[in-house]
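Novice: Residues per chain are reported as follows:
There are 2 protein chains.
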Amino acid sequence: MKTVTIRNIKDYVGETVKIKGWVRNYRKASSKLRFIILRDGSGEVQAVAFKPEMGQAKFEKTKQISLESSVEAVGKVSIHPKKEDVYEFQLIDLNIIGQSEDYPIGKKAHGADFLLSNRHLWIRSRKQIAALKIRHTVYFAICEYLNENGFYRFDSPILTPNACEGTTTLFEVPYFDLGSAFLSQSGQLYLEPGITSLGRVYDFGPVFRAEKSKTRKHLTEFWMMDAEAAFVEHEENMQIQQELIRYVIRKVIANNKTELAELKRDIESLQKADNEFKIITYEQAISILQEKGSEIAYGDDFGATQEELLTEDSAVPVFVEKWPKEAKAFYMKRDPENENLVLGADLLAPERFGEIIGGSQREDDYELLKQRMQAENMPIEDYQWYLDVRKYGSVPHSGFGIGLERLVQWMSGIRHIREVIPFPRMINRIYP
Amino acid sequence: MKTVTIRNIKDYVGETVKIKGWVRNYRKASSKLRFIILRDGSGEVQAVAFKPEMGQAKFEKTKQISLESSVEAVGKVSIHPKKEDVYEFQLIDLNIIGQSEDYPIGKKAHGADFLLSNRHLWIRSRKQIAALKIRHTVYFAICEYLNENGFYRFDSPILTPNACEGTTTLFEVPYFDLGSAFLSQSGQLYLEPGITSLGRVYDFGPVFRAEKSKTRKHLTEFWMMDAEAAFVEHEENMQIQQELIRYVIRKVIANNKTELAELKRDIESLQKADNEFKIITYEQAISILQEKGSEIAYGDDFGATQEELLTEDSAVPVFVEKWPKEAKAFYMKRDPENENLVLGADLLAPERFGEIIGGSQREDDYELLKQRMQAENMPIEDYQWYLDVRKYGSVPHSGFGIGLERLVQWMSGIRHIREVIPFPRMINRIYP
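Which chain is which? The protein sequence lines are A and B, in order.
Our numbering applies: residue 2 is where the first sequence begins, and numbers increase by one.
Our numbering applies: residue 2 is where the second sequence begins, and numbers increase by one.
Rather than coming from a laboratory, the hints here were simulated on the basis of the structure.
Take these hints with a grain of salt, some might be off.
Note that identical chains are pooled: a pair holds if it fits in a single copy or bridges any two copies.
[As the list claims (entries may be wrong)] Simulated crosslink set (PhoX-like; lysine-lysine; CA at most 25 Å straight-line): (1) K108 x K77; (2) K109 x K392; (3) K392 x K64; (4) K108 x K392; (5) K19 x K392; (6) K218 x K329; (7) K128 x K62; (8) K29 x K59; (9) K392 x K128; (10) K215 x K52.
With the sequences and hints as input, model every part of the structure.
Specialist: Structure, rendered in structure tokens:
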């Protein structure tokens, strides 16, 4: 007899097959009829245990199950009598593989701390499975778009000798006789030499911020995609970002119908976001915010509140470009039309999901970059490799970074970042 | 005028297009004729500068280039007069974007230390580009195979509260008020709860070993794919590994013809490896080694020498299965036919490339696993989440881990691991 995954039972209507999985839930309808929800990672199906069909002995076995028992079930696949595209499993036999006594989740509402301490069990819940499957789609949609557009994967190192952005939020690691290493906060600087080898490159790995922030938007370990492309300037950089994000939206809608429904995600909002993105300048953004009553001043960075105000009237993501140079990193190229601005843009997601991308054209002049690094008291010798990108055949180039979890939050509609990564790490949490 | 990548110029034969890239090399054939090798990450092409065609002024500009200058070149694409599938670029104009003075690599042979200190420039070399492109293919071939076979990406954490294998080779990181965290050596333990959520899962990220080994096979930071599947037992586990590796071989041969040729990789050997793999037991392996004169004793682990002896007569990879329990980790399931053996297998690559996979069926009995952990003095409380996989609906399950760099070494034929990762980290090297 064929063993099949639940996702594939639609191809076996009328046939007798075996499925293996866990008991999500069960209920007694009558003394002769029981319903058991089985899940196996690929999907869920309602198994129908009907005593006259199964016989006394086998029907009795279905009474031994408990929440999250693992089972092997033999049955006939049928079409659900009322629901479209839904199948049922008419049980012939069921055997318990592993019992599960007093499964701790699901009988009542739990607090966040309890769920996080039991994250290894919480991930069995429907919403968590849905979130993790959307994460899978988003990860590979990003890779596919990049791979199809001439980018090569170029893994930047995690153990680095120096800090990319500041030093107060770095995790420090003793490194043999070489002193300290620091866990990478972004692979961007390493991608820049990568373009001189492969033209267009990206990394996509964990990054680390030892930030003492305890919000629904912060993790100490999260996943970041950094992309960098030779001969791409500011405008084209935003164009690539837009195409990529719109590609991700379409992939999620196409691949995760079940998961979006489980999460009650408003798909229409996602579809509407798949249109030409808005571009406003930082200066315009400040005016808009001030008109809306915000007390922000020119030169300030945006907080969550400002990001939400800027996008509340927009169905599509909004680029905020041309920031004052003081507000952004040393490596951004200056706007040729105004030396006080940089050719950088942040992309803000609609529906109050905030920043999902930061990007910019990079400074490609050796002397200008060196001066800026000196002005920031950076140890030039340690960054000579970075400066060398401008010394040996410098080219105009741009790049951007996507925070995977923030993008998954937007796609899935999940407000807390801790639910879109398998094992979240926060300042007060490293278990399990 | 259209700007095209060098890889795509074959589609523009007879047309005038612009390409942007770097000068790989150049030579003067006569006072009227110069050849310039241009590269842009996507490929390389020979540009032909012929004075009567270009005119005096533009021809003079081609004399200003140097090694690794970046340029914009306008020209007409032609078919190489002698070589098949090779194209040339008949220059019309050429402008330097970024000069490159005294490019330090390439004029003479360099030592490993010099090249590693200039890794950011070394990656521009042909062999390094080829290796990194093969790495890209291998990475995504692994993902594709898994995605098509029901596995979900499930990123395991890097910052972990405890050690997966031993503690002497761990990097330790101070973690806020929670004491120390350790950089993950393998995501396997975290994947096991993952199967109870998604059925089949894998991670694919950096792992860290603070090993004081300084060999051509060791990095302190490398990339590992760990896969784990519910309801998969030992034999099927090896079957999945075999299919995956054979899929990778076919993808590399199909996608990286140019790179394999550049590296003078013997493709026939790779093709021959794409056949049914051999399986021998550990006991058989010991006999073979002893017959070959090795002084290995039953119970010993294999070193590089033994791995090479075991595969020297084999065109295909060799599984060595059923190891003595003392030689392997606590979580491996015992062989029901012999309690002293575990249902684990290492996969050894041919052509002296050594171990590329380690895998096993996992112990799924709560009490047996707990006893073994206690016997190894592991802090049970810290691993309760891991034990819980067996407490709530335990299932037979298996998994395996592939070292990305070792697989790329075999595919590319590169003997030193430092050349198959963008920025290698070793005990004496963390720059650049």
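Novice: A separate judgement is required for each hint: does it hold in the structure or not?
Specialist: Here is what the structure says about each hint:
1. Neither within a single protomer nor between protomers do K108 and K77 lie at most 25 Å apart by alpha-carbon distance, with minima of 30 Å and 72 Å respectively.
2. Taking CA atoms no more than 25 Å apart as the test, K109 paired with K392 passes between copies only; the shortest distance there is 20 Å, against 63 Å inside one copy.
3. Proximity of K392 and K64 under a CA criterion of 25 Å is satisfied inter-copy only: 19 Å between copies versus 74 Å inside one chain copy.
4. For a Cα distance limit of 25 Å, the shortest separation of K108 from K392 across copies, 18 Å, qualifies, whereas the shortest one inside one copy, 64 Å, does not.
5. With identical chains, the CA atoms of K19 and K392 are at most 25 Å apart between copies only, with a shortest distance of 24 Å across copies and 64 Å within one.
6. In this assembly of identical chains, the alpha carbons of K218 and K329 lie at most 25 Å apart only when taken from the same copy (21 Å versus 41 Å across copies).
7. For the identical chains of this complex, K128 and K62 are neighbours neither inside a copy (30 Å) nor across copies (63 Å), given an alpha-carbon limit of 25 Å.
8. Taking the shortest alpha-carbon separations for K29 and K59, only the intra-copy value of 15 Å comes in at or below 25 Å, while the best inter-copy value is 87 Å.
9. In the homo-oligomer, the alpha carbons of K392 and K128 lie at most 25 Å apart only across protomers (22 Å), although the nearest pairing inside one protomer, at 51 Å, exceeds that limit.
10. Within a single copy, K215 and K52 get their C-alpha atoms no closer than 53 Å, and across copies no closer than 67 Å, so neither meets the 25 Å cut-off.
The structure fails to meet hints 1, 7, 10 from the earlier list, while all remaining hints are met.
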